[in-house]
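Enquirer: Here is how the chains run, residue by residue.
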Amino acid sequence: MIEVNDLTIRFNLASEKVDNLKEYFIKLVKKELMFQEFLALQHINLKIKKGEAWGLIGTNGSGKSTLLKAISGIMKPYKGEVIVRGEIAPLIELGAGFDMNLTARENIYLNGTVLGHSKKFMDEHFDEIVEFADLHEFLDSPIKNFSSGMKARLGFSVATMVNPDILVVDEILAVGDARFRKKCNIRMEEMLSGGTTLLYVSHNIDSVKKLCDHAIWINRGKTMMSGEVNAVCDAYMESLEQDKK
Amino acid sequence: MDALKSTFGTLYKYKDLVVQLVSRDLKLKYRRSFLGYVWSVLNPLLIMIVMTVVFSTMFSRNIHNFPVYLLTGRTLFEFMTTSTNAAMRSIIANASLIKKTYVPKYIFTLAKVTSCLVDFVLSLGALLIVMIVTRAEFTPYFFLFPLVVIQIYIFCLGLGLFLAQANVFFRDMQYIYKAVTTAWMYLSAIFYPITSLPENLQHFIKTYNPLYYYIQQFRDFIYEGQMTEPRVFIMGWVIAFVTLGIGILTFRRSQDRFILYI
Numbered sequence: 001m002i003e004v005n006d007l008t009i010r011f012n013l014a015s016e017k018v019d020n021l022k023e024y025f026i027k028l029v030k031k032e033l034m035f036q037e038f039l040a041l042q043h044i045n046l047k048i049k050k051g052e053a054w055g056l057i058g059t060n061g062s063g064k065s066t067l068l069k070a071i072s073g074i075m076k077p078y079k080g081e082v083i084v085r086g087e088i089a090p091l092i093e094l095g096a097g098f099d100m101n102l103t104a105r106e107n108i109y110l111n112g113t114v115l116g117h118s119k120k121f122m123d124e125h126f127d128e129i130v131e132f133a134d135l136h137e138f139l140d141s142p143i144k145n146f147s148s149g150m151k152a153r154l155g156f157s158v159a160t161m162v163n164p165d166i167l168v169v170d171e172i173l174a175v176g177d178a179r180f181r182k183k184c185n186i187r188m189e190e191m192l193s194g195g196t197t198l199l200y201v202s203h204n205i206d207s208v209k210k211l212c213d214h215a216i217w218i219n220r221g222k223t224m225m226s227g228e229v230n231a232v233c234d235a236y237m238e239s240l241e242q243d244k245k
Numbered sequence: 001m002d003a004l005k006s007t008f009g010t011l012y013k014y015k016d017l018v019v020q021l022v023s024r025d026l027k028l029k030y031r032r033s034f035l036g037y038v039w040s041v042l043n044p045l046l047i048m049i050v051m052t053v054v055f056s057t058m059f060s061r062n063i064h065n066f067p068v069y070l071l072t073g074r075t076l077f078e079f080m081t082t083s084t085n086a087a088m089r090s091i092i093a094n095a096s097l098i099k100k101t102y103v104p105k106y107i108f109t110l111a112k113v114t115s116c117l118v119d120f121v122l123s124l125g126a127l128l129i130v131m132i133v134t135r136a137e138f139t140p141y142f143f144l145f146p147l148v149v150i151q152i153y154i155f156c157l158g159l160g161l162f163l164a165q166a167n168v169f170f171r172d173m174q175y176i177y178k179a180v181t182t183a184w185m186y187l188s189a190i191f192y193p194i195t196s197l198p199e200n201l202q203h204f205i206k207t208y209n210p211l212y213y214y215i216q217q218f219r220d221f222i223y224e225g226q227m228t229e230p231r232v233f234i235m236g237w238v239i240a241f242v243t244l245g246i247g248i249l250t251f252r253r254s255q256d257r258f259i260l261y262i
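Taken in order, these protein sequences are the chains called A and B. So the first sequence is numbered by my numbering: it starts at 1 and just counts up by one. So the second sequence is numbered by my numbering: it starts at 1 and just counts up by one.
Hints were generated in silico from the structure; no laboratory data involved. Hints are supplied without guarantee of correctness; some may be wrong.
[To be verified] Derived lysine-lysine pairs resembling BS3-like cross-links, with alpha carbons at most 25 Å apart:
| no. | chain 1 | residue 1 | chain 2 | residue 2 |
| --- | --- | --- | --- | --- |
| 1 | A | LYS222 | A | LYS244 |
| 2 | B | LYS27 | A | LYS144 |
| 3 | A | LYS210 | A | LYS47 |
| 4 | A | LYS144 | B | LYS99 |
| 5 | A | LYS120 | B | LYS27 |
| 6 | A | LYS76 | B | LYS15 |
| 7 | B | LYS13 | A | LYS119 |
| 8 | A | LYS120 | B | LYS178 |
| 9 | A | LYS76 | B | LYS27 |
| 10 | B | LYS206 | A | LYS119 |
| 11 | A | LYS210 | A | LYS79 |
[To be verified] Short derived list, chain A residues pointing at chain B, Cβ under 8 Å:
| no. | residue |
| --- | --- |
| 12 | GLY73 |
| 13 | ILE74 |
| 14 | MET75 |
| 15 | GLY97 |
| 16 | MET100 |
[Claimed, not checked] Computed Cβ-Cβ distance ranges for the label pairs, DEER-style:
| no. | chain 1 | residue 1 | chain 2 | residue 2 | range |
| --- | --- | --- | --- | --- | --- |
| 17 | B | ASN209 | A | ASN219 | 38 to 44 Å |
| 18 | B | LYS206 | A | LEU139 | 52 to 58 Å |
| 19 | B | ILE150 | A | LYS209 | 24 to 30 Å |
| 20 | B | ILE150 | A | SER193 | 49 to 55 Å |
All C-beta atoms, glycine included, are put in the ideal place defined by N, C-alpha and C.
When you get a sec, could you build the whole thing from the sequences and use the hints?
Expert: Here's what the structure looks like:
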């Protein structure tokens with residue numbers, strides 16, 4: 001379903017500021033003027049079969065989101081390859097396509113088409129989305145007036161309305177209230193039992209253990225461990241404990 | 001041809017997104033203004049009046065019906081500058097979206113040029129009003145003007161794609177382009193008759209200014225009421241498609257690296 005072979009992702013760390021002419025020329029010669037290389041992921045290998053649920057764990061800045069972006073096709077591999085079969089619903093950030101000046105109604109269509117759906121498809125599922133987001137009375141007000149939780153609800157509803165083959169979820173549900181989080185978890189579990197492959201990033205180890213059956217632990221762009229969820233999570237927790245001491 | 005196919009192959013899937021983006025631009029442009037879309041017609045009309053007052057005494061001997069002469073040149077030029085400027089910023093303006101979801105990136109550039117096209121077509125209403133008020137002569141050639149609109153749309157799309165990708169790596173582009181368009185305006189014979197220029201400069205503009213091919217055709221059809229020279233007509237199409245080709249090639253070559261620079 002998803003195959004990641006020897007994946008390396010390159011980032012641009014270039015600082016905007018060049019203070020003096022000397023530095024300018026040094027950077028020019030080293031070709032670092034607009035580009036300073038940083039390898040966010042190095043030699044990642046991963047094989048995910050249909051129906052599996054994988055948790056991605058690791059400390060901040062370790063490359064979890066970058067791996068999700070590479071799998072979603074947002075970032076292209078610098079070296080190695082990513083092979084994905086099936087339709088992906090990426091939830092990297094909820095409501096990424098929202099325009100704050102448009103109303104909720106207009107944003108549902110805009111966000112839906114950003115995800116590659118047709119207008120007709122959105123017409124058919126419009127009521128379903130509004131129902132799940134529970135935002136009936138605010139449909140025609142601009143979403144700049146919405147709270148972040150409300151925006152997250154709207155974004156999640158639009159993104160999960162289809163039954164994608166692969167669901168990619170970055171840590172996004174933290175802003176929702178308990179009731180909505182529960183609703184989202186139920187929806188994700190439903191999708192999982194329906195054969196959807198899940199990729200899930202969270203710092204909440206308990207929810208990873210609950211939702212996923214496999215996990216990969218990434219640290220500073222390198223795979224530390226991958227395999228069965230409990231073993232990986234325990235090893236990760238142990239290393240965190242050790243850091244504290 | 002292959003490049004064209006793979007670049008625009010996704011267009012069918014995302015056609016509704018283009019519609020959504022264009023309607024967003026149009027909705028937000030005049031939201032909260034009293035006159036709304038009327039401004040698309042009123043604005044060129046007001047500018048035309050100002051420019052007519054300023055320039056008509058200078059050139060009135062050589063140009064009959066100055067308002068129509070001016071408007072035919074100015075609406076085309078205005079479309080070219082606004083659409084290419086908007087297209088140039090289209091990738092950077094949508095950086096947050098490009099970083100978070102997968103969308104073919106040319107969609108944003110295409111949508112910008114298209115929403116400017118809608119505005120341009122509305123502004124032709126101003127031209128129509130002026131033609132009626134000044135009792136300009138309507139000839140059957142008038143109805144050929146959509147051909148010019150299509151040509152300049154393709155041209156602007158190509159130029160826009162080129163500028164959009166260049167601007168990602170080289171932000172100075174927008175400031176350079178500002179100076180370029182100012183020079184371009186004075187070299188396009190918009191508010192003066194081209195015959196008032198020295199012979200060699202006239203030749204230069206007629207040969208090397210791509211915009212002049214479109215303004216010439218537009219004026220032939222609407223202002224002069226005659227068929228345009230075949231050379232100008234054919235070159236108009238050739239320039240449009242060559243520019244589009246360059247735009248697509250440069251955009252395709254660099255689009256995977258956008259994410260590292262936005």
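Enquirer: Give a verdict on every hint.
Expert: Here is how each hint holds up against the structure:
Distance check on the hinted pair: LYS222 of chain A and LYS244 of chain A sit about 21 Å apart at the alpha-carbon level, within 25 Å; holds. A C-alpha spacing of about 16 Å is found between LYS27 of chain B and LYS144 of chain A, which places the hinted pair at or below 25 Å, so the restraint holds. With a C-alpha separation of about 21 Å, the suggested pairing of LYS210 of chain A with LYS47 of chain A holds against the 25 Å cut-off. For a cut-off of 25 Å, the pair hint linking LYS144 of chain A to LYS99 of chain B stands: about 21 Å separates their Cα positions.
A C-alpha spacing of about 21 Å is found between LYS120 of chain A and LYS27 of chain B, which places the hinted pair at or below 25 Å, so the restraint holds. Distance hint between LYS76 of chain A and LYS15 of chain B is fulfilled; the C-alpha atoms sit about 24 Å from each other, no more than 25 Å. Only pairs whose Cα atoms come within 25 Å are accepted, and LYS13 of chain B paired with LYS119 of chain A is accepted, the gap being roughly 11 Å. At roughly 41 Å between alpha-carbon atoms, LYS120 of chain A and LYS178 of chain B are farther apart than 25 Å, so this suggested pair is violated.
A threshold of 25 Å between alpha carbons decides the hint, and for LYS76 of chain A with LYS27 of chain B the separation of about 34 Å lies outside it, so the pair is violated. A distance of roughly 45 Å separates the Cα atoms of LYS206 of chain B and LYS119 of chain A; the hinted pair therefore is violated under the 25 Å criterion. The suggested pairing of LYS210 of chain A with LYS79 of chain A is violated, with an alpha-carbon distance near 34 Å, which exceeds 25 Å. With its C-beta approaching chain B no nearer than about 4 Å, GLY73 of chain A sits inside the 8 Å limit, and its interface hint holds.
Given the 8 Å rule on beta carbons, the hint for ILE74 of chain A holds: about 5 Å separates it from the nearest Cβ of chain B. This hint holds: MET75 of chain A has a C-beta 6 Å from the nearest C-beta of chain B, less than the 8 Å allowed. Contact between GLY97 of chain A and chain B, as hinted, is supported at the beta carbon level, the nearest pair being about 5 Å apart and thus within 8 Å. For MET100 of chain A, the interface hint is violated, the least distance from its beta-carbon to any beta-carbon of chain B being 10 Å, above 8 Å.
Separation of ASN209 of chain B from ASN219 of chain A is about 59 Å and departs from the stated range, judged on CB atoms against 38 to 44 Å. Here the CB-CB span from LYS206 of chain B to LEU139 of chain A is close to 56 Å, well matched to the stated 52 to 58 Å. About 60 Å separates the C-beta atoms of ILE150 of chain B and LYS209 of chain A, a value inconsistent with the hinted range of 24 to 30 Å. The beta-carbon spacing between ILE150 of chain B and SER193 of chain A, approximately 52 Å, falls within the hinted interval of 49 to 55 Å.
Comparing the model with each earlier hint shows violations of hints 8, 9, 10, 11, 16, 17 and 19; every other hint is respected.
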